[in-house]
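Participant: Listed here are the chains, written in short residue letters.
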Amino acid sequence: MKERILSILKELGTDRDYENSTDFIDEGLLDSFEIVELVEKLEEEFGIEIGGRDIVPENFTNMETIEKLVLKYKGEA
Amino acid sequence: MYKSVLEYLEESEAKFPNKTAVIDEDGSDTYSLLADKTRRVGTYLLKRGLKINDVVVVLLGKERNTLSAFWGISYAGGIYAPLDCQAPTKRLRLIMDVLKPSFIITDNDNQNKAQELISSEQIILIENAHNEAPDAAALKAVQQERIDEDPLYIICTSGSTGVPKGVVINHRAVIDFTEEASKVMEFSEKEIFANQAPFYFDASVPDLYCTIKNGATLHIIPESWFSFPIRVLEYIRENSVNAIFWVPSALIVTANLKALPEVDVTCLKKIMFCGEVMPVRQYNVWKKYVPDAKYVNYYGPSETTYASTYYVIDREFGNDDILPIGRAAINTGILILNEKNERCAQGEAGELCIRGAGVSLGYYNNPEKTQEVFVQNPLSPFYRDIMYRTGDIVRENERGEIEYVGRKDYQIKHMGYRIELGEIESAAMGINGINRSCCAYFEKRKMIIMVYEGEITENELNDELKKRIPEYMLPSRIIKLDTMPMNANGKVDRKLIKETYCC
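The listed protein sequences derive, respectively, from chains Z and A. First residue of the first sequence: 1, per this note's numbering; consecutive thereafter. First residue of the second sequence: 1001, per this note's numbering; consecutive thereafter.
Hints may contain errors.
What the hints assert, rightly or not - Calculated cross-link-like contacts (lysine to aspartate or glutamate; reagent style DMTMM-like; alpha-carbon spacing at most 20 Å):
1. A:LYS1466 to Z:GLU34
2. Z:LYS10 to Z:ASP23
3. Z:LYS10 to A:GLU1471
4. A:LYS1062 to Z:ASP26
Worth flagging that the hints you see were computed from the coordinates, not collected in a lab. On a predicted model such as this, the values are computed, not experimentally measured, just so you know.
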């Protein structure tokens, strides 16, 4: 799953180092339109629908938190 | 009759001294405190030797001290020019070369940046200015000589040759806009605004002036909150915000990130937007969750002071329709001219040209660029009648409303910012190892795409661009090509690049 998330992230923007970042938000790796695109692509790739309540910085901090978020919806589906 | 925006502040100070004027993360100012801080800044500048029409750069974050800095400069007879603290030093230096300011007002957080731009003697810390004892008589003496056509601020915009342009706006232009907006939107002291646009961007002009004209309250929302809009909406609900002037990008992100179903923001009664095209799809999401608000689509470039036309949405639109930009504001003249400089017939597309009190005094220290776009109205050749050529192509629909069609040149609107793709290309061309570059805008995905030919890698190019242009101008995608596609005229084939990479 990590690889699939990473490849989605890499499609978003210009060669940003998501692999070695611990905080995408603090390090400015995601702007607001990229978050919109990321949510759309995660939903498409994993066949989930992420609720508005879960679109908060804590869930998009790094690879681990995004994976946890996807797993939460995969589990519920 | 008003001749200075400072009269708005003085009137609200007299009427509502103890009312909160402005709130940010660190605290709030009442009208009496805000006016007092403003006079302290003005007095301090006079003592430091500020002269009439000197430019003072304001290098502050999104915080309430910006207001006393702006109006303190104006009290002392100066022109305020806000800059983006996050912008690369190289770009700020280009702007400094154009503006040649007497001082920079900044704070402890941004002092280092200021030191890269100007000598230490010309740096003023806002905290120090606030400690000056106000001299109302000295400020009054300066104000007596001022007229409404004197400049109030300079907003810097992207220039196609890589040199930013400083749009000079006078008091009268801002008063003209504020009076009409207040009337049309029925603003009063009951208005509670939530500011979205940074103050170095003219989309924040209505927030500032509709607030102080009406004795309303302005909440300054941190920029980073807009990436996760639930927090912004919760803030709106908790503080009973009832009016917003936002750029469409902020409204689009809020709708797309599904924040509206989660937080009840029906406290919002007036929702206004300007700065780029507002897509109907996202407008309809807002309308669904905040059905009773009045929605207004404003249109206008910085050169004509925030907005020149507006459309109060009065009917339903399907997701694929286009929102009209409406009709001319009062005291604004709109001409749609074809290539022969004749008026277009209804339905015929032509360049939108604007006349009126809102028209800028021109680009600061740049008579050539000024003469290119602030030109004599070709329909009245026998006396001085200046109009601004927007470069925007529009047409009038059968209802008599103006509809936006597109741009004449390579200018785009991205996240509400006006960007010349040429400026990004010029920045790239200044980098060693770049032979050719071309930018295109992928409207649907809101992405700037750059393709280039050269010896350096995409990563290296991105790192170099970061040093030269602000964050919002950075391409989202950079693609290295072996050879740049050229058209029959030996020019870079922009059309082909757009078709290849923006789909």
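Participant: A separate judgement is required for each hint: does it hold in the structure or not?
Facilitator: Quick rundown of the hints versus the structure:
Restraint check for LYS1466 (chain A) and GLU34 (chain Z): the C-alpha separation of about 18 Å stays at or below 20 Å, so the hint holds. Our distance criterion of 20 Å between C-alpha atoms is met by LYS10 (chain Z) and ASP23 (chain Z), whose separation comes to about 16 Å. A threshold of 20 Å between alpha carbons decides the hint, and for LYS10 (chain Z) with GLU1471 (chain A) the separation of about 18 Å falls inside it, so the pair holds. Of the pairs offered as hints, the one joining LYS1062 (chain A) and ASP26 (chain Z) holds, with about 17 Å between alpha carbons and a cut-off of 20 Å not exceeded.
Hint compliance for this structure: no hint is broken.
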